[in-house]
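2 protein chains.
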Amino acid sequence: MIGLGPGGPEGLSGQAREALARAEAVVGYRTYLDQVRPLLAGKKVYASGMTRELDRAAQALDLAAGGLPTAVVSGGDPGIYAMASVVFELIAARGLALGQGPDMFDVRVIPGIPALAAAAALLGAPLGHDFAAVSLSDRLTPWELIARRLDLAAQADFVLVLYNPKSRGRDWQYAEALKLAGRRRPPGTPVGLVSRAMREGQAVRITTLSQAAAAEVDMQTLVVIGNSRSFVYQGRMVTP
Amino acid sequence: MIGLGPGGPEGLSGQAREALARAEAVVGYRTYLDQVRPLLAGKKVYASGMTRELDRAAQALDLAAGGLPTAVVSGGDPGIYAMASVVFELIAARGLALGQGPDMFDVRVIPGIPALAAAAALLGAPLGHDFAAVSLSDRLTPWELIARRLDLAAQADFVLVLYNPKSRGRDWQYAEALKLAGRRRPPGTPVGLVSRAMREGQAVRITTLSQAAAAEVDMQTLVVIGNSRSFVYQGRMVTP
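Chains A and B, in that order, give the protein sequences. Mapping the first sequence onto the numbering used here, position 170 (from 1) lands on 170, and the numbers just tick up by one. So the number in the numbering used here is just where the residue sits in the second sequence, counting from 1, plus 240.
Rather than coming from a laboratory, the hints here were simulated on the basis of the structure. As the structure is a computational prediction, the values presented were derived from the model and not from experiment. Wrong hints could be hidden among the right ones.
[Claimed, not checked] Derived DEER-like restraints, expressed as beta-carbon distance ranges:
1. A:Arg-139 <-> B:Arg-348: 32 to 38 Å
2. B:Val-444 <-> A:Glu-24: 23 to 29 Å
3. A:Glu-216 <-> B:Asp-295: 38 to 44 Å
4. A:Glu-216 <-> B:Lys-284: 40 to 46 Å
5. B:Ala-415 <-> A:Arg-183: 29 to 35 Å
6. B:Val-444 <-> A:Thr-141: 26 to 32 Å
7. B:Arg-408 <-> A:Ala-41: 48 to 54 Å
8. B:Gly-289 <-> A:Gly-201: 38 to 44 Å
Ideal Cβ placement from N, Cα and C applies to all residues, glycine included.
Given only the sequences and the hints, what does the whole structure look like? Please build it.
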């Protein structure tokens, strides 16, 4: 499992680049594969759409079982809201043996720069102290649990990083999350919004907790809500 | 501000490598500079010790004010428990102008692979769902706030990532943090410990919440406490 980091080929670590070079088959979400096209020449490429995570994991394990050095790529880091846990879950469900012997799967995770680090870099330094990452997608997690996490994290004065704020057919969770945070933090609390960090169409905005609901967000947006000490200085959001 | 990622030069992104190549002066913590020595040839290098963060920020701003393209390097990501917020705080305290005009500071943050992503990759996929990062250092944060964050994050069933579990002269916070987590989570909860991820002396261990207090940890160790659904499969820690 290889993390591509944000944006194009210049976002990969040297280690990730090397691992990708050794792969003969590459499995991934179409958008991420397109970002690193120049690195895929001569490889068998298996592109699929969003929400096909389990299919990708199964395909990768089948390819690897067939003897092909196989890479599963994720944008950002493979371990943070991405493919690594999906692949390990399937490995466990199938009862596969991990290791380097015959009939064993030599599985490695090569980290990448996560979306939260890329977004933070563009905003300034909003993650300068303790923070919590919460996905607003209730596709596989009940909203009650997500809401509880948001509320407790806001009480604890964590900087909040919201993944997947909105998608087609999932449009109220973002406003609800802001409302929950707003019960614990003043309306002037800085909020940073980063869409498509270091990719085409990048957008970086800084607003406040009371204004943030009006901002356009989608699945490609990361939302960072400051803690009680976060401030904005000349267009940069900073948490001491 | 440039993130070096974990380990040696192969941990940097292409973007970070390029930014570092353009710098004529490089300021950083000695250990991190040593990791990327081959990339520093011909540059003025200003190395300093741990806890000298504010000195490093001041030195970097002075060098930049003198007209030198200056890099402040951090291991991992500069935005997560590292130099970016320190530099921005000092910029704000000095009232410096940010931008590209004359007498302005053109400050950029180049992200790196954070320690938490590197540690997670070595453990398996423990950050597969919502998580909270908490530093146990009470040098600048009162322990009461740290304890409250740990307790609320444990209640919220976040995977917990503990930074700075122990240092010389700070030896009880780690056991106390485990105790707080243990009030909310069963004793068999998986705990991953990663020291010096992807560097010389790397150590990766997986234990349980009830056993973790016995493990050796230091400032270079990251501790990952699973949520209620985390499991261990053949030596890998996974959160679905």
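**Message:** Name the hints, by number, that the structure is in violation of.
**Reply:** Of the numbered hints, all hold.
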